[in-house]
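Please take these sequences and the hints and turn them into a complete structure.
Protein chains in written order, with the numbering used here: chain A, -3 to 313; chain B, 62 to 608.
Because the hints were derived from the structure by calculation, they are not lab data.
Careful: at least some of the hints might be erroneous.
[Said to hold, decoys possible] With the C-beta cut set under 7 Å, the calculated list includes, among others, these residues of chain A facing chain B: (1) 30; (2) 45; (3) 151; (4) 237; (5) 260; (6) 272.
Even glycine gets a Cβ: it sits at the ideal position worked out from N, Cα and C.
Here is how the chains run, residue by residue.
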Amino acid sequence: MTPALWLGRRLTAIVATLAVVSFLVFAVLHATPGSPEQILLGSNPATPEALAAVRAKYHLDDPFLSQYWHWVTAALGGDFGLSIQTGQPVTTMLGDRLPVTVLLAIYAGIIAVLIGIPAGLLAGIRHGTASDRAVTLMTTFGISAPPFAVGILLLYLFSVALGWFPVFGAGEGVAGRLWHLTLPAIALSLTALAIIARQTRAAARGVYAQDFTTFARARGLSRRLVLSRYALRNSSLPAVTSAGLVFASFLTGAVLIEYTFALPGVGSLMVTAIANKDIPVVQAVSLFAAAVVLVMNLLADLAYTAADPRVRKAVFQ
Amino acid sequence: MSASKELPRSRVYAAAAVTLVAAAVLASCGSGQGSSGTAGPNDATERPTSDANVASLTVGVAAAPRSLDPAHSFDSMSMLVTAELFDTLVDVTAGNEVQPRLAESWESPDPLTHVFSLRDDAAFWDGSPVTADDVAFSLSRHLDPDVASEFATVFQSVETVDATDEREVTVTLRQADPEILAKLAMAGFVIQKKHAEASGDALGGPEELIVGSGPYEVTDYSSATGATLERHDGYWDEAPAVEQLTYTVIGDQETLRLAMESGEVDLTFLYPIDSSLQWDGLSGVELTYFDSPAVTTLALDMSAPPLDDVHVRRAIAHAVDRDAIIESLLDGRARPAHSMADPMLWEGLAAETGADVEGIYADLPRYEYDLDAARAELAQSAHPDGVEIEVNYPATTPALGRVAQVLKQSLAEVGVTLNLNEMQQQEYLGAIYGGEPAGMVPVQLGAISPDPNTLLGFLVDQTPFNIAKYAPQGVDDALAANRTGSPDERVDALTTLITTMAEDAPYVPLYYAQGALATSSEVVFAGEGSYWELIFSEWASKIKAAG
Chain A
-3 MTPALWLGRR
7 LTAIVATLAV
17 VSFLVFAVLH
27 ATPGSPEQIL
37 LGSNPATPEA
47 LAAVRAKYHL
57 DDPFLSQYWH
67 WVTAALGGDF
77 GLSIQTGQPV
87 TTMLGDRLPV
97 TVLLAIYAGI
107 IAVLIGIPAG
117 LLAGIRHGTA
127 SDRAVTLMTT
137 FGISAPPFAV
147 GILLLYLFSV
157 ALGWFPVFGA
167 GEGVAGRLWH
177 LTLPAIALSL
187 TALAIIARQT
197 RAAARGVYAQ
207 DFTTFARARG
217 LSRRLVLSRY
227 ALRNSSLPAV
237 TSAGLVFASF
247 LTGAVLIEYT
257 FALPGVGSLM
267 VTAIANKDIP
277 VVQAVSLFAA
287 AVVLVMNLLA
297 DLAYTAADPR
307 VRKAVFQ
Chain B
62 MSASKELPRS
72 RVYAAAAVTL
82 VAAAVLASCG
92 SGQGSSGTAG
102 PNDATERPTS
112 DANVASLTVG
122 VAAAPRSLDP
132 AHSFDSMSML
142 VTAELFDTLV
152 DVTAGNEVQP
162 RLAESWESPD
172 PLTHVFSLRD
182 DAAFWDGSPV
192 TADDVAFSLS
202 RHLDPDVASE
212 FATVFQSVET
222 VDATDEREVT
232 VTLRQADPEI
242 LAKLAMAGFV
252 IQKKHAEASG
262 DALGGPEELI
272 VGSGPYEVTD
282 YSSATGATLE
292 RHDGYWDEAP
302 AVEQLTYTVI
312 GDQETLRLAM
322 ESGEVDLTFL
332 YPIDSSLQWD
342 GLSGVELTYF
352 DSPAVTTLAL
362 DMSAPPLDDV
372 HVRRAIAHAV
382 DRDAIIESLL
392 DGRARPAHSM
402 ADPMLWEGLA
412 AETGADVEGI
422 YADLPRYEYD
432 LDAARAELAQ
442 SAHPDGVEIE
452 VNYPATTPAL
462 GRVAQVLKQS
472 LAEVGVTLNL
482 NEMQQQEYLG
492 AIYGGEPAGM
502 VPVQLGAISP
512 DPNTLLGFLV
522 DQTPFNIAKY
532 APQGVDDALA
542 ANRTGSPDER
552 VDALTTLITT
562 MAEDAPYVPL
572 YYAQGALATS
582 SEVVFAGEGS
592 YWELIFSEWA
602 SKIKAAG
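Structural data, given as structure tokens:
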């Protein structure tokens, strides 16, 4: 199969999955109890006419399939409708929140990879020694510590006690954003860092025990060369695949961190929208989340194929 | 182990552990000095102020305003912002004294008509004058079903609002309303008609914003991040000390506390207090507690069995241990409530008539915490073998959930089984206002005017606020006397109403929670620190730099 055909099939599969996801989310939302117009009208009682007017505006009384069809035809044209809660276009709301979320995800991803992979390598190569145990301890902590608890701890230590970082908000300007997002990125990256380190450690241990590595060392190649060309390249592939999924989870599942650090991100938008049964927003964000996961999967597969000639041969044969 | 003089290791460790735990417990007790116990009307100690300009003030809020349009943002959080943007015709104090604002003077030729004369120096932010047309437009739209204003129920006694002259507005009522001035003071925000008509549906949103004449102008607004307000230098009244107000959204109360401690947030409202606060020991932060007439209550929907039986309702009333709830769930920061009308609401009426408010409340039927009395009441009811009641409460107000759980325990001992359902806010509202019998509803109801009738008026009539669907018998005379009578007649009428309500027990009032204003030590709230100045009210002009 040629690369183009393979890519084409994958992209078709992505589109089909997105369609199924959007239908399922719509169905589940429809089945949950509650009336979105009630939140729109606030916690004070509204007249039945007011409620009816809101329901009519958002087609909430139409039959289920008709509502879905209405949404799909608009979405295909790029119009994801108006949020029931704020009346703003959903694309604008999502667009307002994406920069913070994307920057946070990239930042956390860089921390997780830049620390996780070398730590895993170190642990795998020096298997059984003190440094291996230290890294294992760190990864156990990283996997078990809940992100929001770590977040509050970091806040107290670095923002209040030491005053090095701001307590909340996303900041303005590139430098301001990076400064504000440092603590959230650290808190968010811990779990992923631990997972990546563990995977790299397992792979590195295997690679370092292989004959070709022993031969390279015996040949007298510098340690830097042995580590980068042989150990790193061969043991980072599992980490790359999981990094793709991890990045996807950062984009969509960082809601606890967003809440702790008062960041206006996509995760908290989603949670509020679900609580208020804001159907257009939930649909749009779920589609976004599904698309991100699927695309990241595709990219991880492509990376794997590009990096490992054996896989390349198997896939494109 | 040899019999040496050395203590065994395990003993040493145990002793050390006990000492550490004891130290931790003592430390946490000590940091709460002066925090619990019954508090006075407010704990504001006089702090010196100066007239210096305050360049900016960052206000922490739990959520951004839902809209800048007052018709679509009737909740205490949103109104922290909207109350700064607009003027009202009049202002009202804790003692129910009415003060001029946009209206210089007013008169009432008959009980159904109120005529206001507007001042001529009030201007909107763009410089255009506030006209009678703007006032009439702003108030009438709350009566318009197309606008679906959240203030529609508040203004239900109003028939029309007209601009009867260049500087004159006439409010015509469909029935006499002794609280109409207080209602106008709270909800009668004046917006610019020209801008509102041009903006259409987008009025109050992040693009169109809104135009008012208040002490602050909104320059930026986002439902995600908050709002930025700049001082309006053409304001007709004394300019406030704070130049820029930045409202920033911080949903997590712990993060908010840390932000206040680090100085990034200068001010926040903790209202209502629904849990033990760890704010008392914060350095650089001043706390002002205030009593609020907002009552947390159990609304018992009388439209369906078993709550249609007064003995079941009284049984529930006897099984509520208010003191324990206040001590353990609220850290003592609330007053027990035995009536839906808070005694503090009588201040103005008592000053006018010399009524003995304490005596009135002492004579009210009271349901003390007594499980035997509860069982006796249930035995007299139509369901002596026990009843099962649905309780819906919102996840967003944990205090109500905790109260429900406490009640579940004590009521189980009496034979009343509560089925607790935690639900999202909009589902909870749907259950209350949806038309189905709502069972027992823990709810927090606020006060709109400093008058005992502020809540009562909604609860004895067929209004949506009347969750219990209470329709008292034999009180028509009292209702009429309350609306149209002299102050002395109103006192008698209100006494009759609260007594009847206590006897029928459609609502079991639990407590009146306090609120707190937390400010950085660099600023001072220079008002009295009363609920009427802080909640649903323009508060920012009273912030001054610390002296």
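Worksheet item: Taking the least C-beta to C-beta distance, is residue 260 of chain A closer than 7 Å to chain B?
Response: Holds. Min distance 4 Å.
Worksheet item: Do the numbers back the hint for residue 45 of chain A, that is, is its least Cβ distance to chain B under 7 Å?
Response: Check passed: Cβ of residue 45 of chain A comes within 5 Å of chain B, closer than 7 Å.
Worksheet entry | Residue hint residue 30 of chain A, partner chain B, criterion CB-CB below 7 Å | This hint holds: residue 30 of chain A lies near chain B, its Cβ roughly 4 Å from the closest one there, short of 7 Å.
Fill in: residue 151 of chain A as chain B interface residue, shortest Cβ-Cβ below 7 Å
holds (5 Å)
Worksheet item: At a threshold of 7 Å, is the proposed contact between residue 237 of chain A and chain B supported by beta-carbon distances?
Response: Violated, because the Cβ-Cβ distance from residue 237 of chain A to chain B comes to roughly 33 Å (cut-off 7 Å).
Worksheet item: Given residue 272 of chain A as an interface hint, is the shortest Cβ-Cβ distance to chain B below 7 Å?
Response: The hint holds - residue 272 of chain A has a Cβ within 7 Å of chain B, the shortest such distance being about 6 Å.
Hint 4 from the earlier list is the only one contradicted by this structure; the remaining hints agree with it.
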